[in-house]
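Colleague: The primary structure of each chain is shown beneath.
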Amino acid sequence: MTQSPTLSRRSQSSAPSQPRKSRRRGADARAGYTFLLPWLLGFIALTVGPMISSLYLSFTNYNLFDAPKWIGLDNYTTLFQDERFLQSVGVTLNYVVVGTPLKLAAALAVAMLLNSKRKGQGFYRSAFYAPSLIGASVSIAIVWKAMFGDSGPVDQGLSFFGINLGGWVGNPNMTMGMMILLTVWQFGAPMVIFLAGLKQIPADLYEAASMDGAGPVRKFLNITWPMLSPVIFFNLLMETIHAFQIFASAYIISNGEGGPAGSTLFYTLYLYLRGFSDFRMGYASAMAWLLVIVVGIITLIFFKTSKSWVHYSGDSK
Amino acid sequence: MTTTATPVQSTPGTTSADYNPKSESVTAKRIKSAIFHIVALALVAMVLYPALWMIASAFKPNSEIGGANNALWSSNFSFDNFATAMDGIGGVSTLTFFTNSLILAVGAVVGTVLSASVSAYAFARINFPGRGLFFGMMIATLLLPFHVVIIPQYIVFQQLGLVDTYVPLLIGKFLAADAFFVFLMVQFMRGLPAELDEAARIDGAGHVRIFRSIMLPLMKPALISTSIFSFIWSWNDFLGPLLYLNTPEKYPLPLALRLFVDQTQSSDYGAMIAMSVLALLPVLVFFLVFQRYIVEGVSTQGLKG
Chain A
59 MTQSPTLSRR
69 SQSSAPSQPR
79 KSRRRGADAR
89 AGYTFLLPWL
99 LGFIALTVGP
109 MISSLYLSFT
119 NYNLFDAPKW
129 IGLDNYTTLF
139 QDERFLQSVG
149 VTLNYVVVGT
159 PLKLAAALAV
169 AMLLNSKRKG
179 QGFYRSAFYA
189 PSLIGASVSI
199 AIVWKAMFGD
209 SGPVDQGLSF
219 FGINLGGWVG
229 NPNMTMGMMI
239 LLTVWQFGAP
249 MVIFLAGLKQ
259 IPADLYEAAS
269 MDGAGPVRKF
279 LNITWPMLSP
289 VIFFNLLMET
299 IHAFQIFASA
309 YIISNGEGGP
319 AGSTLFYTLY
329 LYLRGFSDFR
339 MGYASAMAWL
349 LVIVVGIITL
359 IFFKTSKSWV
369 HYSGDSK
Chain B
329 MTTTATPVQS
339 TPGTTSADYN
349 PKSESVTAKR
359 IKSAIFHIVA
369 LALVAMVLYP
379 ALWMIASAFK
389 PNSEIGGANN
399 ALWSSNFSFD
409 NFATAMDGIG
419 GVSTLTFFTN
429 SLILAVGAVV
439 GTVLSASVSA
449 YAFARINFPG
459 RGLFFGMMIA
469 TLLLPFHVVI
479 IPQYIVFQQL
489 GLVDTYVPLL
499 IGKFLAADAF
509 FVFLMVQFMR
519 GLPAELDEAA
529 RIDGAGHVRI
539 FRSIMLPLMK
549 PALISTSIFS
559 FIWSWNDFLG
569 PLLYLNTPEK
579 YPLPLALRLF
589 VDQTQSSDYG
599 AMIAMSVLAL
609 LPVLVFFLVF
619 QRYIVEGVST
629 QGLKG
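Keeping their order, the protein sequence lines are chains A and B.
Residues in the first sequence are numbered consecutively from 59, following the working numbering.
Residues in the second sequence are numbered consecutively from 329, following the working numbering.
Mixed in with the good hints, there may be bad ones.
Coverage of chain B stretches by chain A, computed from C-beta distances (three or more under 8 Å per stretch; other residues unrestricted) [what the hints assert, rightly or not]:
id	region
1	409-416
2	421-433
3	481-487
4	566-578
It is worth saying that the hints were derived from the structure and are not from the lab.
The beta-carbon is built from N, C-alpha and C at its ideal position, and this holds for glycine as well.
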């Protein structure tokens, strides 16, 4: 840090004296930290500080009114005997493991359909993207609840085909399907990213493959998938992390209770209920840290396994 | 919907009179194109159905929503639901909720644009010890689940007596806590030629001048994307206001909607949906006006919806 060779390349031509160079460096350091100040303050006060204190709180009993009482690992051991906690883990994993791949498959399929020079591209892209912008809002959660309710349009539409499921909202076996449809509905954001990636794949690769007699499946497996793998990786990572944090829709659809029969008791919803309804803030902090650890491990696994299937070649990003 | 037509220009030189193998491929192309548009439009109709249903229901009398009458459009078209929705809840007019949402969203835009652009300038353009380390940490916060900080943050704001004010909801925006926007601006600034600041430096300009007179004007596209997304995210935010606001007079629209749902308990679906439409209206208007910026922003920066 004392003699950075990359520093003040610009002053080399004027052959400055040593003191001037270091004065510039000192000025740069001062300016750097001054400009960084907003982020640095936020990072310390709103991220690092709270993370450390929630780690501490996770080892205590704390209800916001009395002083925190150290209880060691009790919160963590209690978690694994807490049936509602285990249920919330199951609900969330189910949602992440089924919903995310479905959403990405829909995104990729539609992106491939749209990846041509036909007219109307802009319109289709925008129309498919629109749900991503509003899908997580309270308004859409209300609409979803009404649509999937007793004799709502979904129930009626299915009855027309002789499928009588009744309302999905009140049926513990159907609520997950409804939540997954809500996330799949928002396939537009990853689709737009896929589309940008598909446009980067050189067309002559496909032409050469056609000459060699490759069909659409071979072309997909041998060209599209490997060439698109960095984008697939990015979307998979971001969507997975995102899916763990679903909150508003689950809260609204279940009236903030996670029902019926705990079928929409998502992890973050249970965390919220424990922390801000029961005021068991130590317990909720333990849940929060467990989530960080799990998301961290998943991110790590993604990066480790990515070496075997993600190809970074040339200038494709 | 103006793009549904599928005009295929016939190649010049091919008159309709003389048969030419080329015209066959033109027909084949036209059929293929028609199939593409039929499939794509069918998908669009499916995807947009919930939005259409929402808008149509808002104009229907209560008895017809989810009743035996399954038609999307009702003949009993009326604005009654909107009138009920505008009345508000518990003596607070819906206009107040709108104003609150607007204050929060505008505050979020101003705070985010200011703090993210300044911080991004430090990351992208100034050489200082520790820059790489801090940049890595900023990227790490992108992946960090937000829930790990909400409990301690709440405790601190509670002890400072700031619960039920907008401070907890806005302070993060002024401290560049949405790392995504900092990252977006860093990426954008790195794409601007370094010769610009070098020339300005030789002319004796300091970082403040370079930032204000050179960087900010050139960063307009990034600033616009940031403004649009921070506005919409703030407008749709539910968890933040749910944690910190207790007085209905201070509620933004998403919280007001929840209150509305709690109080009406599905007895007045029409008004509930009308209010949902009203709450989404600014987002929809934003989307129609700034479509290009929004979709481009997503495809180049990987911004989330």
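Colleague: Take the hints in turn and mark each one as holding or not.
Modeller: Evaluation of the provided hints:
Counting residues of the region 409-416 of chain B whose C-beta lies closer than 8 Å to any C-beta of chain A gives 0; at least three are required, and the coverage claim is violated. Using a Cβ-Cβ cut-off of 8 Å, 0 residues of the region 421-433 of chain B lie near chain A, which falls short of the minimum of three, so the contact claim is violated. With a cut-off of 8 Å between beta carbons, the region 481-487 of chain B has 5 residues touching chain A; three or more are needed, and the interface restraint holds. Figure legend: the region 566-578 of chain B, annotated as covered by chain A; annotation consistent (4 residues with Cβ-Cβ distances under 8 Å, at least 3 required).
The structure shown violates the earlier hints numbered 1, 2.
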